[in-house]
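Asks: Letter by letter, the chains look like this.
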Amino acid sequence: MAPGPRSIVCIKQVPKAQELQVDPVTNTLKRVGVPSEINPPDRNALEMALQVKDQFGGEVFVLTMGPPVFTSALEEALAMGCDRAFLLTDRILGGSDTVPTAHSLSETIHKIGGYQLIFCGEETTDASTGHVGPGIAGHLDCAQITYCSEVQFLGNRVRGKRSVEDGFETWECPLPCVITANFLSNRPRPPSLSGKIRVKRGGLITTWSCADVGIDPGKVGIRNSPTIVAKVDTVVLPDRKAKIFRGEPKAAVTALLDAMAADGVLSR
Amino acid sequence: MTLPKDKTEYRGVWVFLEARRGRLRDVSRQLLGVARGLAQTRGSDVSGVLPSWNVEPLAREAIEFGADRVYLVEDPRLETYTSRPYAKVMATLIGKHKPEIVLFGASKNGRDLGGRLHAMIETGLAADCVKLEIDADGNLDMIRPSFGEKSLAHILCKQHRQQMASARPNVFPIPPRDPARKGEVVREPVEITDADLDAKVVSFEERRGHKGNPIEDAKILVAGGFGLRDPKNFRLLEDLAKELGGAVAASRKAVDAGWVPKDYQVGQTGRTVRPRVYIAVGISGAVQHLAGMQESEKIVAINLDHNAPMFEICDYGLVGDLFQVVPEMTRQLAERKARRPVPVAAR
Ligand SMILES: Cc1cc2nc3c(=O)[nH]c(=O)nc-3n(C[C@H](O)[C@H](O)[C@H](O)COP(=O)(O)OP(=O)(O)OC[C@H]3O[C@@H](n4cnc5c(N)ncnc54)[C@H](O)[C@@H]3O)c2cc1C
Ligand SMILES: Nc1ncnc2c1ncn2[C@@H]1O[C@H](COP(=O)(O)O)[C@@H](O)[C@H]1O
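Order-wise, the sequence lines are chains F and C. So in the numbering used here, the last one in the first sequence is 282, and the numbering has no gaps at all. So in the numbering used here, the last one in the second sequence is 354, and the numbering has no gaps at all.
Each hint should be verified, as a subset may be incorrect.
Between beta-carbon pairs, the in silico distance windows are [said to hold, decoys possible]: (1) F/R201 x C/R215: 45 to 51 Å; (2) F/D272 x C/L311: 19 to 25 Å; (3) C/E319 x F/D272: 43 to 49 Å; (4) C/P186 x F/A273: 30 to 36 Å; (5) C/N61 x F/A273: 27 to 33 Å; (6) C/V192 x F/K233: 18 to 24 Å.
Mimicking DSSO-like on lysine-lysine, the simulated pairs with C-alpha atoms at most 30 Å apart in a straight line are [unchecked claim]: (7) F/K125 x C/K207; (8) C/K189 x F/K255; (9) C/K260 x F/K264; (10) F/K245 x C/K165; (11) C/K207 x F/K245; (12) C/K344 x F/K233; (13) F/K264 x C/K226; (14) F/K264 x C/K249; (15) F/K175 x C/K165; (16) C/K305 x F/K30; (17) C/K207 x F/K264; (18) C/K207 x F/K257; (19) C/K165 x F/K233; (20) F/K257 x C/K226; (21) C/K260 x F/K175; (22) F/K255 x C/K260.
No lab work stands behind these hints: they were computed from the structure. Predicted model, so just to flag it, every value in this text is computed and none were measured. The beta-carbon is built from N, C-alpha and C at its ideal position, and this holds for glycine as well.
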């Protein structure tokens, strides 16, 4: 059997979606002080790569591009079982949209080298484009399987079950191949105690700047991003003033239905 | 990067036409309507790009839905969508004809294609737009929900051409079909060689029970989430929906668990619904779910956990065990119906 693949998993740290609140005074999103987490679908990507390693051997590297605080996402991924981690961090990357992001990640993946599989999440919960994964495949000019819910490593090829609107397709691709993991497609393993100890010992995270990787400053950052966010309108949802019922089920249901009937919600 | 010296060099609104098993996807038809409006404002016209095999009737259909021209690229190797050859077709034709705007459906394939293509030709691509307009400067204003749908971001791609966007399915109406509309079908030869083929689609398995569940049309929806625990418990929701004259919907977690078909799914990656009453049963209320139902007229939340975010956006909330509450609701509703006095006219 061929030796196991080297997988590189791209992850991003995102603010916890549920915690994002609109500031009632300024009508903008309060982002400071919001706790962050690994982008939920990226956990599925990590799990998918780790399962390939469990089954076929090889190694799993994890890569993120962002500010130094993203280190905590890398540490968690290492504690889940990744072998090494890479942080691409540089002031000039700030404000990058998906074109420079895919470019920078591709260049970094190229520098790491020796990879057969690249994993991404289906999309991030903060940018929600799902364009970075296919963008990396476009840059590296390699194959891609998006919305993947299962992968099988075949030595010199990879097979992926792809979730589409009306069913599931099975794609078979040569290596290297970018796989984007469908959210909820597996149960991501929790960080292990021995993993946490490995992280504590240190030496697993490599930090690179754009210059270290050889990324052209003229290709990245807000100034080299084709898209800009011109303005943001806050969606003001109606204040619904919930009537809440609780207690013994029968009485609570009666109270609920009475209230709905009184408001004319049940008639018509 | 495509830094246009003269932006007027770029003209026309393009729509990627997605053929799926012999049919044009609804979102492609919806986009033809959007493209017509944009082209009118820009004083240009609408072209569809249709890569596939044996689909000439679909090119005609696209004209009837609003295209002035369809670039038809037929090759047996394009019969089923795969990323690399489709991206090559798009990149080749875009390079040759220089459209100003290119639109995709935000379907799985549309995003797969757009994501690869925008990196290849190095231009902007806004995902999952719910509104597309031309701004005062003649740029495409690409409007999309952001940060869990709590705001709408206006995305512009001022310095680059093409301006590309994908549109969320079922947000825009399908334009009326006009069998008398005239347009041209232009066959475009794009050579697809072995080197352009990497992915092979070796099999397809249709989703269980995929038959089109039109939850968008229901006046009352009873939606179930992961709290249902088991597919057979959806019976409880069906009974309640029947009593109310409504239909059953679901969260993505219930759909991905395989409990109910995909077309039941409400939310960012499912359907957008605006029923008169939306009853969320055992659904926590994640932002991606709220995205698909927060504009419902009245929202009822039934959840064991009084901290569930669904309670924050509901009109009526019942904190309790759905396995007790839902059957009780069905029973009491039936009772009320039986008790209701028969209208005089019917006596
Ligand atoms: C990119 C992306 C796209 C997504 N798109 C969508 C989408 O389109 N639609 C969507 O729905 N989600 C979507 N999600 C997923 C979303 O984030 C949530 O994971 C999902 O909506 C949770 O589903 P749920 O509420 O059914 O399950 P859970 O969050 O697990 O909630 C189950 C609820 O049931 C309650 N419960 C349990 N037992 C009982 C009982 N006996 N009686 C009453 N209540 C009970 C629990 O208290 C809990 O609140 C997306 C996520 C991502 C990352
Ligand atoms: N800054 C980043 N660093 C590493 N990976 C990223 C980054 N941004 C996006 N990704 C990857 O690309 C996927 C899609 O992101 P997006 O296109 O932003 O929705 C994510 O799930 C990640 O796997």
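Asks: Each of the hints needs a verdict: does it hold here or not?
Replies: Results for each hint:
no.: 1; hint: F/R201 x C/R215: 45 to 51 Å; result: violated (21 Å)
no.: 2; hint: F/D272 x C/L311: 19 to 25 Å; result: holds (22 Å)
no.: 3; hint: C/E319 x F/D272: 43 to 49 Å; result: violated (23 Å)
no.: 4; hint: C/P186 x F/A273: 30 to 36 Å; result: violated (52 Å)
no.: 5; hint: C/N61 x F/A273: 27 to 33 Å; result: violated (58 Å)
no.: 6; hint: C/V192 x F/K233: 18 to 24 Å; result: violated (39 Å)
no.: 7; hint: F/K125 x C/K207; result: holds (29 Å)
no.: 8; hint: C/K189 x F/K255; result: violated (53 Å)
no.: 9; hint: C/K260 x F/K264; result: holds (29 Å)
no.: 10; hint: F/K245 x C/K165; result: holds (14 Å)
no.: 11; hint: C/K207 x F/K245; result: violated (42 Å)
no.: 12; hint: C/K344 x F/K233; result: violated (67 Å)
no.: 13; hint: F/K264 x C/K226; result: holds (26 Å)
no.: 14; hint: F/K264 x C/K249; result: holds (20 Å)
no.: 15; hint: F/K175 x C/K165; result: violated (38 Å)
no.: 16; hint: C/K305 x F/K30; result: holds (27 Å)
no.: 17; hint: C/K207 x F/K264; result: violated (57 Å)
no.: 18; hint: C/K207 x F/K257; result: violated (54 Å)
no.: 19; hint: C/K165 x F/K233; result: holds (17 Å)
no.: 20; hint: F/K257 x C/K226; result: holds (21 Å)
no.: 21; hint: C/K260 x F/K175; result: holds (18 Å)
no.: 22; hint: F/K255 x C/K260; result: holds (27 Å)
When each numbered hint is compared with the structure, violations occur for hints 1, 3, 4, 5, 6, 8, 11, 12, 15, 17, 18.
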